[in-house]
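Colleague: Start counting the sequence shown at 1; every next residue gets the next number (full-length UniProt numbering).
Where hints are given, some of them may not hold.
[What the hints assert, rightly or not] Here are the simulated distance ranges between beta carbons:
#1 Gly63 - Ser111: 18 to 24 Å
#2 Met56 - Trp143: 21 to 27 Å
#3 Gly141 - Glu287: 41 to 47 Å
#4 Leu268 - Ser102: 48 to 54 Å
Just so you know, the hints here were simulated from the structure itself, not pulled from any lab data.
Backbone N, C-alpha and C fix where the C-beta goes; we use that ideal spot for every residue, glycine too.
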Amino acid sequence: MPNSQINPRLIQLLLNQENGNIPKSPTMSMLPGKYVKTILKNKDSLTQIIKENYQMLTCKSCGRKGKYDIGLLVLNLEKKKTEGMKDNIQTTGYFRCKHCNSAGNWELPTSLIMLSMMSVLPFGEGTQKQSTVGKNLLFDGSWHRYTTDAEEHLLNILKENPQDSFVWNRLGNLYHKGNRPELAVSAFEHSILIDPGQTESHFTLGDMLAQISDLPNAGYHFRQMLLSASAYKKMPADKLREMLAIGLQLLFLMSEHTDGEVPFLPTLHEIEASGLKDDSLNRSIAEIELEIFPDNIESFFPLAEIYMGIRAKEIPIRKRALQMKNSSSLKPKMQNGKKKKKRKR
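Given only the sequences and the hints, what does the whole structure look like? Please build it.
Modeller: Here it is as structure tokens:
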């Protein structure tokens, strides 16, 4: 019976337990998190960041073969070869042996080597979108052949500092990109358990939950993304604005779809719970007249900049979208020509 392909060290850190209490092949039921079961159940509804790419591999640890989603093959031409071409290959999929749960010890078939070499040819790069030339680096600049190798690197960092919510977010991104959303969600939820102001984790949780039509919870995380943005320092200001605008766009669409049952903007209770000053936020919103075009992400930039607070000043003046006007209302406008709608929080 195939196992769940989960690193026991991940469970150990998530549950803060000793090694001896975690089985060698953990089951899905051991993953903590409010959304893990729901995401796993609706996995097919999620958009894959990288398309599945199943290949037959042999585990050198137990000698058994199996089909695994290796994701995208990335050939690093800058890396010094020590074992031939295969030493320069990276894979983005997250996979462990279905039989012994070991990782990173694989016999790669010749067909896989040939597929990676195709990406070097002018007419072969991105063949069937399964291979490319380049390199995947973690946030600290480190290079790892398999996603499970990168996972071990991040788990080693977290062992030294288990309260680092940013590294937990990066671990979640690794799983998400590796087509293991149930692992990703558990890591993202853990990151905001440690730090409710982990803006990027709120965004990704909101996005994933929106994709499976869990709109109330998706809306909650997008609104928490907005409320935590002004204090979030881990992203460049322009990238932060873009992320907030995407979240605002999805919030607007969800609010329209549910006739306002999913609030477009943070509620008074959510603002008070976050510690922000409601009057200040209200004044900032009241001072602009905003036309929202649901299919134009840039129309959400001014509102995104309000929630960025002082961080918006890091965007060059010529690139800022916020224009303060003498207006007493926030006025979304549908691009299809429908009448403007006045929306109150």
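Colleague: Can you let me know if the beta-carbon spacing of Gly141 and Glu287 is within 41 to 47 Å?
Modeller: holds, 42 Å
Colleague: Does the Cβ-Cβ separation between Gly63 and Ser111 fall within 18 to 24 Å?
Modeller: holds, 19 Å
Colleague: Met56 and Trp143, beta-carbon distance inside 21 to 27 Å?
Modeller: holds, 26 Å
Colleague: If I claimed the Cβ atoms of Leu268 and Ser102 lie 48 to 54 Å apart, would that claim hold in this structure?
Modeller: Because 52 Å falls inside the window, the suggested range holds.
Checked against the numbered hints given earlier, the structure satisfies every one of them.
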